[in-house]
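Colleague: One letter stands for each residue in the lines below.
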Amino acid sequence: MEGLVLSDLARDLILNILNIIILFLIVRKLAYQPVKKFLAARQARVAKELEDAAAAKAEAEQAKEQLDSLTQAQQEKADAVIREAEREARENAREIMENAQKDAAEIRRKAAEEAEKEKRKTIAGMQDDITALAFDISEKVLGREINDEDNRRIAQAFLADYHAE
Amino acid sequence: MQTVIIKTAESLSEETYRLLCEGFRKKLGEADFQHIVDPTLIGGFIAEVGGVVYDTSISSQLAEMQKRIKE
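Quick mapping for you: the protein sequence lines, in order, are chains E and H. What the first sequence shows, in our numbering, is residues 940 to 1104, in sequence order. What the second sequence shows, in our numbering, is residues -7 to 63, in sequence order.
Since the hints were derived computationally from the structure, they do not count as laboratory data. You may find that some hints are simply not true.
[Stated by the list, open to error] Derived SDA-like pairs (lysine to any residue); straight-line CA-CA distance at most 20 Å:
hint, chain 1, residue 1, chain 2, residue 2
1, H, Lys59, E, Thr1061
2, E, Lys996, E, Val985
3, E, Lys1079, H, Gly15
4, H, Lys(-1), E, Lys996
[Said to hold, decoys possible] Negatives, chain H to chain E, calculated, CB over 10 Å:
hint, residue
5, Lys(-1)
6, Ala1
7, Glu7
8, Leu11
9, Leu12
10, Glu22
11, Ala23
12, Asp24
13, Gln26
14, Ile28
15, Val29
16, Gly35
17, Glu40
18, Gly43
Backbone N, C-alpha and C define an ideal beta-carbon position, used for all residues, glycine too.
Work out the full structure, taking the sequences as your base and the hints as a guide.
Modeller: Structure representation (structure tokens):
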């Protein structure tokens, strides 16, 4: 009897082992290869996606660099325009100031000239008035002081020259 | 006969006027004398003989001095 049990056991064991092997082979054939293919494809797909992402990232970085460079160039241009505008404005202001100062100096000079002219005119006028007054007074004084003796002397002096002609 | 026009100041007497007429007569011969008294002359006289004017008046001399001072 024991021999029978052992051979049944061995038989079961062997059968089980065979079942497992067959099952393994079946599963391998039906599932393992497809799954392996699927995983490989998936891995390839993921790898491609990673590659594409890296390329896109590189492209984006390149575009960003170009944009930064362009922005900087534009900024520099704008700065240059601003600097030029400031320089021009300073130059214009300086010119305006110079012209204003020249005009002011000319106005002052003309005003001084006019004032001097007026002063001379006033002094000349006063001198004329004083002279006229002096002569008026002289006429009045002489009118009172001249007598016939003086007239006689004038007449005699004239006649002496008249007869000498 | 020449005409002599003599303008005199008020202060010139008849005697001095006659002296003047005598003086002109000596040079011109007979002449027709006209006497005008002009107080503005102040002193002396102005005589006009044949278009020639002899001015010894004080007023003219003062005017001449005034003119020179202005210049």
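Colleague: Next step is simple, just say for each hint if it's right about the structure.
Modeller: Structure-based check of all given hints:
no., hint, in the structure
1, H:Lys59 to E:Thr1061, "19 Å, holds"
2, E:Lys996 to E:Val985, "16 Å, holds"
3, E:Lys1079 to H:Gly15, "30 Å, violated"
4, H:Lys(-1) to E:Lys996, "130 Å, violated"
5, Lys(-1), "13 Å, holds"
6, Ala1, "7 Å, violated"
7, Glu7, "8 Å, violated"
8, Leu11, "6 Å, violated"
9, Leu12, "5 Å, violated"
10, Glu22, "17 Å, holds"
11, Ala23, "13 Å, holds"
12, Asp24, "18 Å, holds"
13, Gln26, "17 Å, holds"
14, Ile28, "15 Å, holds"
15, Val29, "12 Å, holds"
16, Gly35, "4 Å, violated"
17, Glu40, "13 Å, holds"
18, Gly43, "15 Å, holds"
When each numbered hint is compared with the structure, violations occur for hints 3, 4, 6, 7, 8, 9, 16.
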